[in-house]
Amino acid sequence: MALKDKYDVVIIGSGPGGLAAAISAKKYGAEDVLIIERDVELGGILLQCIHNGFGVEIFKEDLPGPSYAQRFINEAMLLKVEALLDTMVLDITPQRRIFASSKINGFVDIQARAIVLAMGCRERTRAQVRLPGTRPAGVYTAGTAQRWVNVEGYMPGKRFVILGSGDIGMIMARRLTFEGAKVERVLEVMPYLTGLTRNYVQCLLDYDIPLQLQHTVKRILGHQRVEAIEAVRVNEKWEPIPGTEEIIPCDTLLLSVGLIPENELSKKAGVQLDALTGGPVVDNNFETSVPGIFAAGNVVHVYDLVDWVTEAGLAAGKSAARFALAERRREIRHIPLLAGHNVRYVVPHELDKQTLMEEEVRLQFRVKQPVEEPVWVEVHSENNLITRKSERYVRPGEMVTIVLTPRHYEEVERATSLTVSIVER
Amino acid sequence: METTEKMICITCPKGCTLEVTHDGQTVLKVEGSGCKRGKDYVERELKDPRRMVASTVRVRGGTHPLLPVYTSAPFPKPRIQELLAELRKIEIKAPVKMGEVVLADALGEGIDILASRDMPRMTG
Chain A
1 MALKDKYDVV IIGSGPGGLA AAISAKKYGA EDVLIIERDV ELGGILLQCI HNGFGVEIFK
61 EDLPGPSYAQ RFINEAMLLK VEALLDTMVL DITPQRRIFA SSKINGFVDI QARAIVLAMG
121 CRERTRAQVR LPGTRPAGVY TAGTAQRWVN VEGYMPGKRF VILGSGDIGM IMARRLTFEG
181 AKVERVLEVM PYLTGLTRNY VQCLLDYDIP LQLQHTVKRI LGHQRVEAIE AVRVNEKWEP
241 IPGTEEIIPC DTLLLSVGLI PENELSKKAG VQLDALTGGP VVDNNFETSV PGIFAAGNVV
301 HVYDLVDWVT EAGLAAGKSA ARFALAERRR EIRHIPLLAG HNVRYVVPHE LDKQTLMEEE
361 VRLQFRVKQP VEEPVWVEVH SENNLITRKS ERYVRPGEMV TIVLTPRHYE EVERATSLTV
421 SIVER
Chain B
426 METTEKMICI TCPKGCTLEV THDGQTVLKV EGSGCKRGKD YVERELKDPR RMVASTVRVR
486 GGTHPLLPVY TSAPFPKPRI QELLAELRKI EIKAPVKMGE VVLADALGEG IDILASRDMP
546 RMTG
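Those protein sequence lines, which keep their order, are chains A and B. Position 304 of the first sequence, counting from 1, maps to 304 under the numbering used here, and the rest follow consecutively. If you want the numbering used here, it's the position in the second sequence, counting the first as 1, plus 425.
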């Protein structure tokens, strides 16, 4: 795929938020829309969420994750959204320049008129919940196990304990049971379920997997491999209650202990984050504190249903398209003022042509070399002389001014740039 | 004999807790449902509990070694393990299109097993 230097809307991430944003940006008039995705295919985490339950709100259908993703992928392809796969975005500037690296395209440098951040979220790990004990193999996040079991075809263990009653944890409890593993226990530190109740019914109750609320892992045991965990009951302050410990033999501990919006790139772009959600502060158009940078989906806050992520993506894509189109109009209206022969620079750097309809614009500059005889100061468009004035001499130490007036508007309107030069007489 | 028990409706993500009064298989009263689907759920759940089943089958020559699949309709709950054993025997060849029937009329229940996504052929 031949990459363009400039795109109307660039979307970072191709999960449900990114796909919806791309589709919506196209529908609201953005011409060049690009999704950058680090995986080798579009779809994001939905591809490993093979269970049903997606799309009940949006499609009024009960779809598995990959089908939900595929509908949006197909629509995006139909709308000619471009996709840059297997590519990692390294940096984003507040001026919306994007730097990325990919095996096929090498180092990528793209200017976007608008950006939608749709990087989603990542799982909390063992280190982030500070689980004591040894550090054997066999402690994984539920999502990692999900990718192995559902996409890559590996079983991470035979006897499991799952910490956390989030949706991924409960869904994995059922999935592992389907694949012949034994799930000994699901432990939840809170006094209530943290995932959806329907998942408690169809993932745990259906398969007699015991759930213990107000319980956590006190210690992980084992050297090469997990051999057991020590579970313990906790009080309201999450403090272990002595005497309630129980050793549960197992070979794998899965962690389903929360998700964190992934915002390393947002920070680089200078986007203001909310300490509570961990995601960008956004307005109702999903615009962040940096103009032209929008954010949608789990990168903003962690959703319970994918349908709402899609909805947010659609809204962010629409806003991004509007911003990009305004940017295009601005680019057409604003033309660069260039330094021609014997001119060092011109201020202002750009001219908003519309200003000229009503008022004069003063162009000021310094020359490079002194000319001690009369010269013309000329302003040219690509083809025509717009205006000129005479100076008796020009010297680098003395600033020169030439004025454009509403009389020049008609000529300037057709120009794509103006050049100021010193012409000897 | 008339009994009252709590059931959680799994029709939608709301997960209403229903208070169900029933007489074995006949539903006498349902309270606490947010919509009319709650009563339908209880009736099915008492007579013929079913679940959507999603799993994987092996696929040869695809971009991944596994193809996610799902049941075209909720499947009888008591036969899920049997169905999973059946799915383990299947190996299909890429390319596969979303919605393609991977196993028709699974276990004679009149329910098809469908591909959850496209699985393109591995290139290069």
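Incorrect hints may have been included.
[As the list claims (entries may be wrong)] The calculated DSSO-like cross-link candidates involving lysine-lysine, where the alpha carbons are at most 27 angstroms apart (straight line), are: (1) A:Lys-4 with A:Lys-268; (2) B:Lys-472 with A:Lys-80; (3) A:Lys-80 with B:Lys-522; (4) A:Lys-182 with B:Lys-502; (5) A:Lys-60 with B:Lys-514; (6) B:Lys-461 with A:Lys-60; (7) B:Lys-502 with A:Lys-60; (8) A:Lys-60 with B:Lys-518.
Don't read these hints as lab results, they were simulated from the structure.
To see whether the hints hold, each was checked on the structure:
1. For the suggested pair Lys-4 (chain A) and Lys-268 (chain A), the alpha carbons sit about 23 angstroms apart, so the restraint of at most 27 angstroms is met.
2. Among the hinted pairs, Lys-472 (chain B) with Lys-80 (chain A) is inconsistent with the structure: their alpha-carbon atoms are about 49 angstroms apart, more than 27 angstroms.
3. Straight-line distance between C-alpha atoms of Lys-80 (chain A) and Lys-522 (chain B) comes to about 20 angstroms, which keeps the hinted pair within the 27 angstroms bound.
4. In summary, the hint linking Lys-182 (chain A) to Lys-502 (chain B) is supported, as the alpha carbons are separated by about 19 angstroms, within the 27 angstroms threshold.
5. Between Lys-60 (chain A) and Lys-514 (chain B) the CA atoms are separated by roughly 33 angstroms; this puts the pair beyond 27 angstroms, and the hint is violated.
6. About 16 angstroms separates the Cα atoms of Lys-461 (chain B) and Lys-60 (chain A), which keeps this hinted pair within 27 angstroms; it holds.
7. Annotation: proposed proximity of Lys-502 (chain B) to Lys-60 (chain A) holds, straight-line Cα distance about 23 angstroms (limit 27 angstroms).
8. Taking the CA atoms of Lys-60 (chain A) and Lys-518 (chain B), the gap is about 31 angstroms. The hint is violated against a cut of 27 angstroms.
Hints 2, 5 and 8 from the list above are not met by this structure, while the remaining hints are.
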